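Q: Below, each chain spelled out in residue letters.
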Amino acid sequence: MKPTAIVFLLLGWTVAWTLFLYCFGRILFGAKKPPASE
Amino acid sequence: MAAGRERWASRIGLVLAMAGNAVGLGNFLRFPGQVASNGGGAFMIPYFVCFLLMGIPLMWLEWGMGRYGGVRGHGSTPGMFQLMWRHPIAKYVGVLGLFIPTVILFYYSCIASWTLGYAVLSATGHLPQVPEVETQLPPEEVQRRVLQPFDDFLKDYVGQSKSREGSVLLLQPPVLTYVFFWVVVALNFWVLARGVARGIEVLAKIAMPLLFLLAITLVVRVLTLGEPVAAGQSPWAGMNFIWEPKWWIERDGELRFVLLDPKTWLAAAGQIFFTLSLGMGAIQCYASYLREDDDVMLTGLSTTSANEFCEVVLGSSIAIPAAVTFFGVVATQEIAARGTFYLGFTSMPAIFSYMHGGQYLACLWFLLLFFAAFTSTVAMAQPLLAFLQDEFRIPRVNAVAFLTIIWVVFSHLCLFLNHAWQVMDYWSGTFGPPLMALVEVVIMMWIFGGWRMWNEIHKGAELRAPIFFYYAARYVTPVILLLIFAGMIYDQVRALLSGGGETGLEGMPAGSPGVWITRVALLIFLAGLLWLIGWAFSLDHHKERIEGAAS
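Each protein sequence line maps, in turn, to chains V and F. Heads up: the first sequence is residues 1 to 38, going by my numbering. Heads up: the second sequence is residues 1 to 551, going by my numbering.
If you are wondering where the hints come from, they were derived from the structure by calculation, not from laboratory data. It is possible that part of the hints are untrue.
[Unchecked claim] Short derived list, chain F residues pointing at chain V, Cβ under 10 Å:
id: 1; residue: 11
id: 2; residue: 12
id: 3; residue: 40
id: 4; residue: 41
id: 5; residue: 47
id: 6; residue: 121
id: 7; residue: 237
id: 8; residue: 245
id: 9; residue: 298
id: 10; residue: 302
id: 11; residue: 305
id: 12; residue: 306
id: 13; residue: 308
id: 14; residue: 312
id: 15; residue: 463
[As the list claims (entries may be wrong)] So the derived list for chain F, only partly shown, Cβ under 10 Å to chain V, looks like this:
id: 16; residue: 44
id: 17; residue: 172
id: 18; residue: 243
id: 19; residue: 301
[Unchecked claim] What follows is a set of in silico ranges between Cβ atoms, one per label pair, in the way DEER data are often shown:
id: 20; chain 1: F; residue 1: 263; chain 2: V; residue 2: 10; range: 21 to 29 Å
id: 21; chain 1: V; residue 1: 30; chain 2: F; residue 2: 206; range: 22 to 30 Å
id: 22; chain 1: F; residue 1: 450; chain 2: V; residue 2: 14; range: 29 to 37 Å
id: 23; chain 1: V; residue 1: 30; chain 2: F; residue 2: 330; range: 46 to 54 Å
id: 24; chain 1: V; residue 1: 26; chain 2: F; residue 2: 467; range: 35 to 43 Å
id: 25; chain 1: V; residue 1: 14; chain 2: F; residue 2: 486; range: 48 to 56 Å
id: 26; chain 1: F; residue 1: 409; chain 2: V; residue 2: 26; range: 43 to 51 Å
id: 27; chain 1: F; residue 1: 339; chain 2: V; residue 2: 14; range: 25 to 33 Å
A quick note: this is a predicted structure, and the numbers were derived from the prediction, not measured. Heads up, the beta-carbon is just placed ideally off N, CA and C, and yes, glycines get one too.
Throw the hints in and build the complete structure from the sequences for me.
A: Encoded structure:
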């Protein structure tokens, strides 16, 4: 692969992976919201 | 929470169901084709700009609108628009959120049945076979010797081979095609009749992990293909082809700078719409089964992130790299230019037939597409069901039966009428969503109130959006939507003036009787929905509800 292709692949994949890991990390392992009644 | 409305049983189930709604054929077929045709890596710049300025804000707004409507007893856009815009016409404008998803259901269920049929035919060895690995063929030979048998097979499967070039009105599909359609209808009926938590959510919890597993298996297989045909022709050459930025591309006989070409931006915005299922009414409907204090910000972003992962990471790593490995860059460019279906139903089975155990890999590929389509068809069916249940107070099973009757009737147009599904795809999949999105963003951010909507989506939020998104949603998103819409109208007018049909209807001859019959059928369906809305909102329980809300 050419260096510019690698740069753009990394750009796209980094955005997608970061968003995915951040969101699912927070949903699965983040602090749970207390119930509204508390 | 309105009494009697269903709820999602778990948050992860909701995320998977919403992701199932969004992840479809667009992720695995449309996206790589768009990237290949619009500047490769350079396409990712307008793609992510549209994602940030239009995709994310619109997605949050649709989630917020859905929850707002759901807690007040409305799971579809006629009721939601009526709540947010106190005007007699609002509920009729909301017809878009019933018309668009239901028409998509009519033809998408047929496409889903093709994927299921192809999966079974692949596993049983009934697809055409390429006898042995050929050495590097010139592109025209690839088309003639390798792809043509698969193209002919697809035409036979959908019944098009006996009705060439629009000269014949009716398609003549084999019995098997029809049987698989009914299998898909039966599966959808079963899931929908079980309800939101016991049907749609359970399906998503099974189908979405399977979909990820199938996609990852295929990515690993494709990226480890090596160089089976010619030296230097590997999946990594394919990745290079798809990701290398091509700043100058030839369009309409001119060399254009890709970032200054409006068509690139229209393609990027269109892809964001298509992939996130925005402007269809399905997100609002699923979100209407949330509680008032349930988070929509982090949950909504999670479903978006799952969709983007499927698209950018997995979708870009299967079809195009595999095609470059076996056919070379030039032939792959031609394949990508011939559209989504050619890539998925002609090129991919041809590629798999080269591989050891290819019939089973082809089966996995079509199962992947089937799961992606199945989770989307149930999402497209849900808005009309919610409308019937909420506004007419019809029991769920009766509503599903009513929907199925209408659905089967209109799907028969797609199965047996030449060009019918392409016409439906144009009006509901291409033209409708930007119009619907424009209407709803104006209602939410300008009529209902920008700050009021901003506060609404942040109720119970586990993620606070930067204020940048408020201004994007209020000012930038409507402008982008207006530009998309203007661009489509411009293309449409230009096509009409030059004697062509609607833009985007590939291979559809202008003036074909199938086209006109479908247009009339869609108009009748639209009129029927408007009549249903008028009837529903004249019922006593509605008058009481509206008077109660006003007081």
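Q: Indicate, hint by hint, whether the structure satisfies it.
A: Against the structure, the hints:
Of the supplied interface hints, the one on residue 11(F) holds, with its beta-carbon coming within about 7 Å of a beta-carbon of chain V, less than 10 Å. Here the hint on residue 12(F) is kept, as its CB sits about 7 Å from the closest CB of chain V, short of 10 Å. For residue 40(F), the shortest C-beta to C-beta distance to chain V is roughly 7 Å, which falls under 10 Å, so the interface hint holds. Given hint, residue 41(F) at the interface with chain V, holds; its Cβ is 3 Å from that chain's nearest Cβ, closer than 10 Å.
Taken as an interface hint, residue 47(F) checks out: its beta carbon lies about 8 Å from the nearest beta carbon of chain V, inside 10 Å. Given the 10 Å rule on beta carbons, the hint for residue 121(F) is violated: about 33 Å separates it from the nearest Cβ of chain V. Annotation: residue 237(F) was flagged as interfacial toward chain V, and the flag holds, the nearest CB pair being 8 Å apart, inside 10 Å. With a least beta-carbon distance of about 6 Å to chain V, the hint placing residue 245(F) at the interface is held under the 10 Å criterion.
Annotation: interface hint on residue 298(F) holds; nearest CB of chain V at approximately 6 Å, less than 10 Å. For residue 302(F), the shortest C-beta to C-beta distance to chain V is roughly 4 Å, which falls under 10 Å, so the interface hint holds. Residue-level restraint check for residue 305(F) holds (minimum Cβ-Cβ distance to chain V is 4 Å; threshold 10 Å). Among the interface hints, the one on residue 306(F) holds; its C-beta lies about 7 Å from the nearest C-beta in chain V, closer than the 10 Å criterion.
Evaluation of the residue 308(F) hint against chain V yields a held restraint, the C-beta minimum of about 5 Å falling below 10 Å. Checking residue 312(F) against chain V by beta carbon gives a least distance of about 4 Å; that is within 10 Å, so the hint holds. Interface hint at residue 463(F): satisfied, since its Cβ lies 8 Å from the closest Cβ of chain V, which is below the 10 Å cut-off. With a cut of 10 Å, the hint placing residue 44(F) at the interface with chain V holds, because the nearest CB-to-CB distance is about 5 Å.
Hint status for residue 172(F) relative to chain V: violated, with the closest Cβ pair at about 43 Å, above 10 Å. Below 10 Å, beta-carbon pairs count as interface contacts, and residue 243(F) has one with chain V at about 4 Å; its hint therefore holds. Restraint check, residue 301(F) versus chain V: the minimum CB separation of about 5 Å is within 10 Å; hint holds. Distance hint check: the CB atoms of residue 263(F) and residue 10(V) are about 26 Å apart, consistent with the given range 21 to 29 Å.
Against the hinted window of 22 to 30 Å, the Cβ-Cβ separation of residue 30(V) and residue 206(F) comes to about 25 Å, which satisfies the hint. Between residue 450(F) and residue 14(V) the CB atoms are about 32 Å apart, so this pair conforms to the stated range of 29 to 37 Å. Here the CB-CB span from residue 30(V) to residue 330(F) is close to 48 Å, well matched to the stated 46 to 54 Å. For residue 26(V) and residue 467(F), the hinted distance range of 35 to 43 Å is not satisfied, since their beta carbons lie about 21 Å from each other.
With their beta carbons about 34 Å apart, residue 14(V) and residue 486(F) fall outside the hinted range of 48 to 56 Å. Remark: the range hint 43 to 51 Å for residue 409(F) to residue 26(V) is upheld by a beta-carbon distance near 45 Å. Between residue 339(F) and residue 14(V) the beta carbon distance is about 30 Å. The supplied range of 25 to 33 Å therefore holds.
Going through the hint list in order, the structure does not satisfy hints 6, 17, 24 and 25.
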